[in-house]
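Trainee: These are the residues of each chain, in order.
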Amino acid sequence: MASLTRKLERGRAGLSSLGIHAILIAYSVLALFPLYLILLNSFKSRRGIFGDPAGLPNESTFSTKGYQSVITNSDFPLYFGNSLVVTGVALFFILLFGAMAAHALSEYDFPGSTFIGLYLILGIMVPIRLGTVALLKLIVDLNLANTLTALILVYTAQGLPVAIFIFSEFLKNVSHEIKDSARIDGLSEYRIFFEVVIPLVRPVIATVAVFSMIPIWNDLWFPLILSPGESTRTVTLGVQKFVGQYTVDWGAVLAALSVAVVPVLFMYIIFSKQLIRGITAGAVKG
Amino acid sequence: MATLEIINVSKSFGRTEVIRDVSLQVEDGELIVFVGPSGCGKSTMLRMIAGLEQVSAGEIWIGGKQVDHLPPAKRGIAMVFQSYALYPHKNVRGNLGFALKHAGVRREEVEQRVNEAAEILELGDLMDRKPRELSGGQRQRVAIGRAIVREPQIFLFDEPLSNLDAALRVHMRVEILKLHQRLDNNTMIYVTHDQVEAMTLADRIAVFRNGRVEQSGTPMELYRKPANDFVAGFIGSPSMNFLNAEWDAQTEKLSAAGQLLDGSVLQQAGIVLPGESATGLKLGIRPEHLSLSPQGEFSGRVQVFENLGGESFVHINPVDDEVLVAKLEGEHNFRPGDNCCLQANPAFLHLFGADGQRLS
Ligand SMILES: Nc1ncnc2c1ncn2[C@@H]1O[C@H](COP(=O)(O)OP(=O)(O)OP(=O)(O)O)[C@@H](O)[C@H]1O
Ligand SMILES: [Mg+2]
Numbered sequence: 027m028a029s030l031t032r033k034l035e036r037g038r039a040g041l042s043s044l045g046i047h048a049i050l051i052a053y054s055v056l057a058l059f060p061l062y063l064i065l066l067n068s069f070k071s072r073r074g075i076f077g078d079p080a081g082l083p084n085e086s087t088f089s090t091k092g093y094q095s096v097i098t099n100s101d102f103p104l105y106f107g108n109s110l111v112v113t114g115v116a117l118f119f120i121l122l123f124g125a126m127a128a129h130a131l132s133e134y135d136f137p138g139s140t141f142i143g144l145y146l147i148l149g150i151m152v153p154i155r156l157g158t159v160a161l162l163k164l165i166v167d168l169n170l171a172n173t174l175t176a177l178i179l180v181y182t183a184q185g186l187p188v189a190i191f192i193f194s195e196f197l198k199n200v201s202h203e204i205k206d207s208a209r210i211d212g213l214s215e216y217r218i219f220f221e222v223v224i225p226l227v228r229p230v231i232a233t234v235a236v237f238s239m240i241p242i243w244n245d246l247w248f249p250l251i252l253s254p255g256e257s258t259r260t261v262t263l264g265v266q267k268f269v270g271q272y273t274v275d276w277g278a279v280l281a282a283l284s285v286a287v288v289p290v291l292f293m294y295i296i297f298s299k300q301l302i303r304g305i306t307a308g309a310v311k312g
Numbered sequence: 090m091a092t093l094e095i096i097n098v099s100k101s102f103g104r105t106e107v108i109r110d111v112s113l114q115v116e117d118g119e120l121i122v123f124v125g126p127s128g129c130g131k132s133t134m135l136r137m138i139a140g141l142e143q144v145s146a147g148e149i150w151i152g153g154k155q156v157d158h159l160p161p162a163k164r165g166i167a168m169v170f171q172s173y174a175l176y177p178h179k180n181v182r183g184n185l186g187f188a189l190k191h192a193g194v195r196r197e198e199v200e201q202r203v204n205e206a207a208e209i210l211e212l213g214d215l216m217d218r219k220p221r222e223l224s225g226g227q228r229q230r231v232a233i234g235r236a237i238v239r240e241p242q243i244f245l246f247d248e249p250l251s252n253l254d255a256a257l258r259v260h261m262r263v264e265i266l267k268l269h270q271r272l273d274n275n276t277m278i279y280v281t282h283d284q285v286e287a288m289t290l291a292d293r294i295a296v297f298r299n300g301r302v303e304q305s306g307t308p309m310e311l312y313r314k315p316a317n318d319f320v321a322g323f324i325g326s327p328s329m330n331f332l333n334a335e336w337d338a339q340t341e342k343l344s345a346a347g348q349l350l351d352g353s354v355l356q357q358a359g360i361v362l363p364g365e366s367a368t369g370l371k372l373g374i375r376p377e378h379l380s381l382s383p384q385g386e387f388s389g390r391v392q393v394f395e396n397l398g399g400e401s402f403v404h405i406n407p408v409d410d411e412v413l414v415a416k417l418e419g420e421h422n423f424r425p426g427d428n429c430c431l432q433a434n435p436a437f438l439h440l441f442g443a444d445g446q447r448l449s
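Going down the list, the sequences are from chains A and B.
Positions in the first sequence are counted from 1; adding 26 to them yields my numbering.
Positions in the second sequence are counted from 1; adding 89 to them yields my numbering.
This is chain A alone, in the form it adopts within the complex (with noise of 0.2 Å):
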């Protein structure tokens, strides 16, 4: 009786596991379909794109002209550089700033401190593209149209409420008697921060960066308005060189899209480990 309770019991758990994995699975193809046809249909023939769009490359319809018009007949390394750089460096202060101001918010307590917090979290609920005309006329105000230096300010204001209130939650919970322990140790304030808080909260830093680089990565908006202009264009920009009035070089578009996707994949094989332990740790501990 009692093995078969079990039996019964573990067959349940099993159908349950399957069934997550059902729609986990469903989800997975769900997501990854468009990037499976971009990734296709990249390495055919505009023939092969518009007859068979599903269709694997086959001898006649394979080829990789949309890569060498990428590569040759654009200045597309330039917008990958671009982009690589307004993102690399948007990313870098949006971790450190708002680290630091996390940080800064938990452990020392000032007059006014709840305030600058909400502040600060407050452009969570209101999006930055709100601002636009005003930025834009900032942005000229301070001779900075055109420049890879205006995305990057206002790509780092974009991420910080964001990164501000994950690393918060994270910092509440480091323990004050460690940081007190390394200022009996003779550590300065910011060293502290650097040798004692960050390596505690690394998986939260690995959260906190792919979350803040997908959208920086994948704006049109930005550049569009802040710096369309020949040399600071960025990838997404960029691809819209091959959308012509007229015609569409469909290749190209779908291989710098291709192209496009691989920093992003970089980053998650890179952080995927810390990434998993950073959004299972509040769940795990509570």
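What the hints contain is simulated information worked out from the structure, not anything from laboratory work.
Keep in mind that this is a model prediction, so the values were computed, not measured.
Do not rely on the hints blindly, as some may be mistaken.
[Stated by the list, open to error] Not the full set, but computed from the structure, chain A residues with beta-carbon under 7 Å of chain B: (1) V159; (2) V200; (3) S201; (4) E203; (5) S207; (6) G212; (7) P225.
Even glycine gets a Cβ: it sits at the ideal position worked out from N, Cα and C.
Given the coordinates of chain A, work out where chain B with the ligands should sit on it, guided by the hints.
Mentor: What follows is chain B with the ligands alone, placed relative to chain A:
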């Protein structure tokens, strides 16, 4: 040479006064224990000595040098925290040597001092482990080792054993006592709210209440002559019995729990009786100073009987609303409702005035 002088120190957080005008002198080589109920300001006092909190008023001197304006690292102190506060990403060796490396001590000397501390605390096999791979007791040993390595003038301990289980706590208590002797009686300040720890470790105890030092003295001084009813109730386990008492100056009798005690008996216990009749007094009797006796002055029904084998505690009601707990040696057997007669040893009676102060 490391004495500690605390002179009229006060501390407020915003408008709440946490430490009120505390003065205390700690001699070189003394192990002094701060004890008191939760929230009375022990940790705050310790953190002010460490330099982690600023004093609101008053002065702190360590080894003849005024330190209250110095940062923690310049005060010559080392502190062991309740949560151990080890650096989780460093192994034991890294934790032990961190402060020295940071202070720019030569590599060979760091190594030597780390190894010495490891030997004292028997950490040899654990040197390459991370804190999360250690048990609570081992972590606490590392935390203590980290303090030893710095060769401080004064060791500060903030409830270092309260996260350990009971058996380990007893063991570590002995270890700390041994350490105190081994380090040529280094000055130590030890915070706890466990009065057994206080009694067993301390050269001297300072009892805190509401940000004040109620009394400081050797454990036996506090046990024999508590300055007030609070200290009397706090020191000793189980704690002292208090009976409401009235003094009649005419008849020279003290009435407590329906009994009349002769003034002359009380005077033998060193009690100075008030010149005039007084009410609201408290007669204090420790459980270990009550014994079974058919002619005992306090009799009543047994409420609770706690048998520990070799000794036992019997709770009786001499009158309604008042309870007397007696510690009985040897084997006994009582049931709730039994009649029980207790006699107090007159030499160990305590009397406290209406204001709680000891009358002696
Ligand atoms: N940073 C702070 N801000 C405001 N109030 C504080 C602060 N630190 C401590 N207090 C208050 O000071 C009082 C004394 O605290 P403290 O930590 O010194 O107590 P304690 O005697 O160590 O108690 P415990 O035995 O529980 O550790 C408490 O009422 C506490 O709420
Ligand atoms: Mg405390």
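Trainee: With a cut-off of 7 Å, does the beta carbon of V200 (chain A) approach a beta carbon of chain B closely enough for the hint to hold?
Mentor: 10 Å, violated
Trainee: Does the CB of S207 (chain A) sit less than 7 Å away from some CB of chain B?
Mentor: 4 Å, holds
Trainee: Against chain B, with CB atoms and a cut of 7 Å, does the hint on G212 (chain A) hold up?
Mentor: 3 Å, holds
Trainee: Once the shortest beta carbon distance from V159 (chain A) to chain B is found, is it less than 7 Å?
Mentor: 44 Å, violated
Trainee: Does the closest beta carbon of chain B sit nearer than 7 Å to the beta carbon of E203 (chain A)?
Mentor: 4 Å, holds
Trainee: Once the shortest beta carbon distance from P225 (chain A) to chain B is found, is it less than 7 Å?
Mentor: For P225 (chain A), the interface hint holds, since the closest Cβ of chain B sits about 4 Å away, which is under 7 Å.
Trainee: Does the CB of S201 (chain A) sit less than 7 Å away from some CB of chain B?
Mentor: 6 Å, holds
Going through the hint list in order, the structure does not satisfy hints 1 and 2.
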